[in-house]
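Colleague: So you can see what is in the structure, the chains are spelled out below.
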Amino acid sequence: MSDTLIPDVVFNDNNSQRTPCVLVLDGSSSMFGEPIRQLNEGLRLLEQALKEDASTAMRVQLLVIRAGNHDQAEVLTDWVDAMDFNAPEVFANGTTPLGAAMNLALDKIEDQKAAYDANGISSTRPWIILISDGAPTDFDWESVADRCRHAEQNRKVVIFPIGVEGATFETLNQFSNKGAKKLKGLQFRELFVWLSRSMATVSVSSPGEKVQLPATDWSEVEV
Amino acid sequence: MVSQCVVDAFVEIVAAPLQESDVRRIAEQAVETCRAQLLQAYPDAKLADFHATLAAVVMDDSGGFILQIGDGMAAAVQERQWAPCLLCLPENGEYAEETFFFTQDRWREHLRITPVPSEYDELILVTDGAYSFTAKPAANGLDRDFIAPVCAFLEQNEEERGVVALKQILDHANARRISGDDKTLLWARRKR
Chain A
1 MSDTLIPDVV FNDNNSQRTP CVLVLDGSSS MFGEPIRQLN EGLRLLEQAL KEDASTAMRV
61 QLLVIRAGNH DQAEVLTDWV DAMDFNAPEV FANGTTPLGA AMNLALDKIE DQKAAYDANG
121 ISSTRPWIIL ISDGAPTDFD WESVADRCRH AEQNRKVVIF PIGVEGATFE TLNQFSNKGA
181 KKLKGLQFRE LFVWLSRSMA TVSVSSPGEK VQLPATDWSE VEV
Chain B
1 MVSQCVVDAF VEIVAAPLQE SDVRRIAEQA VETCRAQLLQ AYPDAKLADF HATLAAVVMD
61 DSGGFILQIG DGMAAAVQER QWAPCLLCLP ENGEYAEETF FFTQDRWREH LRITPVPSEY
121 DELILVTDGA YSFTAKPAAN GLDRDFIAPV CAFLEQNEEE RGVVALKQIL DHANARRISG
181 DDKTLLWARR KR
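From first to last, the protein sequence lines stand for chains A and B.
Residue numbering for the first sequence follows my numbering, starting at 1 and increasing by one per position.
Residue numbering for the second sequence follows my numbering, starting at 1 and increasing by one per position.
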């Protein structure tokens with residue numbers, strides 16, 4: 001390093017801190033066509049953007065859950081460092097079990113936090129991004145929504161429900177104390193660019209700091 | 001301000017070997033003084049407006065103590081053996097973005113005091129912004145790649161030049177890439 005007075009200084013990023021993020025994606029039949037195509041393109045963009053920055057690629061961890069088929073929640077990508085993340089292909093087929101998917105997301109987050117703690121790894125508060133163009137179809141989704149809001153209140157997780165055109169916001173709103181945001185058109189690309197930038201910001205944030213996230217250009221106000 | 005209060009409290013003490021209980025009592029009094037002064041100076045403010053962590057060291061020829069509240073890190077090194085060394089790690093809350101401040105109600109529970117035996121001759125204190133590239137991944141010592149050239153330069157140069165160089169290093173793009181937080185590094189070496 002010749003641009004400073006002190007020669008030969010090397011900066012190694014020795015922090016094992018992790019920033020976990022779960023994507024809960026609606027893979028129901030109503031997403032078929034352009035919405036699912038745009039969603040998958042957005043996921044590939046997310047993969048690329050997260051890998052562009054070395055620190056982000058090392059610190060951010062992702063888990064992808066699909067809600068679809070016959071009220072089934074399935075893990076498409078289990079916890080993986082962003083540097084090793086390969087965007088999965090999400091298929092649009094079946095119903096919209098958002099309750100089961102969010103329940104699975106919270107369980108996986110609890111397991112991962114326990115694993116971090118057992119291995120002495122520090123982590124930032126986990127995020128869940130819920131994306132849907134519909135409303136939950138599974139039994140008992142309301143109790144899961146209660147669990148989500150309770151987890152948020154106890155500062156265990158940060159949840160962002162995001163509704164695509166056609167979503168029922170009255171129900172999506174119930175998965176977070178902040179309510180849901182509406183995606184402008186099919187701007188999945190903008191959404192996932194925002195997510196990668198937000199993860200990059202959070203992954204190098206410091207205690208007590210109020211993190212200023214990038215502007216949500218991809219959202220519009222529901223009236 | 002809390003650093004100044006702690007320093008003021010200890011420099012008033014007559015040079016005599018300190019026990020850990022003395023150090024705790026003096027440090028607690030200093031923090032209490034700082035909290036009271038803040039509330040008096042800024043009556044419209046809340047203590048939470050002045051959140052800060054604390055990393056300090058008090059040492060003489062007979063040894064000393066490292067004092068911490070929150071996520072600063074302190075290291076004591078003997079004869080440039082960077083790892084393993086005596087490392088006082090940051091204290092975080094349940095999540096990495098949470099820590100403890102002297103301004104919180106239960107700050108006493110998080111005031112940590114670590115004895116430093118007299119054989120240690122070099123001290124490095126850093127705020128959490130500089131932690132990731134100063135400590136080794138195994139958290140058992142300091143990262144030679146960073147700390148060895150920095151300490152060598154500080155020892156071989158006048159204070160004024162050292163301050164400029166240290167500011168350059170801590171503000172370097174590679175450091176900012178690793179952490180966006182503010183970065184402070186204190187270095188001290190005892191002359192035998």
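Calculated from the structure, these hints are not laboratory results.
Mixed in with the good hints, there may be bad ones.
Calculated lysine-lysine pairs in the DSSO-like style (CA-CA distance at most 30 angstroms, straight line) [as the list claims (entries may be wrong)]:
1) A:K113 - A:K184
2) B:K191 - A:K156
3) A:K156 - A:K113
4) A:K156 - B:K136
5) B:K136 - A:K178
6) A:K113 - B:K136
7) A:K108 - A:K156
8) A:K51 - B:K46
Colleague: Please verify whether B:K136 and A:K178 have alpha carbons no more than 30 angstroms apart.
Modeller: violated (39 angstroms)
Colleague: Would you check the hint for B:K191 and A:K156, treating anything up to 30 angstroms between C-alpha atoms as holding?
Modeller: Status violated; Cα separation ~49 angstroms.
Colleague: Given the proposed pairing of A:K51 with B:K46, does the C-alpha separation stay at or below 30 angstroms?
Modeller: Violated. A:K51 to B:K46 sits at ~42 angstroms, over the 30 angstroms cutoff.
Colleague: Take the C-alpha atoms of A:K156 and A:K113, compute the straight-line distance between them, and say whether it is at most 30 angstroms.
Modeller: holds (10 angstroms)
Colleague: Quickly compare the C-alpha distance for A:K108 and A:K156 to 30 angstroms and report which way the hint goes.
Modeller: At roughly 13 angstroms apart (the allowed maximum being 30 angstroms), A:K156 and A:K108 satisfy the hint.
Colleague: Could you grab the alpha-carbon distance between A:K156 and B:K136 and see if it respects the 30 angstroms cut-off?
Modeller: It holds: about 29 angstroms lies between the C-alpha atoms, which stays within 30 angstroms.
Colleague: Assess, step by step, whether the Cα of A:K113 is no farther than 30 angstroms from the Cα of A:K184, and give holds or violated.
Modeller: violated (33 angstroms)
Colleague: Can the restraint linking A:K113 and B:K136 be considered satisfied, given a maximum Cα separation of 30 angstroms?
Modeller: holds (23 angstroms)
Violation of the numbered hints given earlier is confined to hints 1, 2, 5, 8; the remaining hints are satisfied by the structure.
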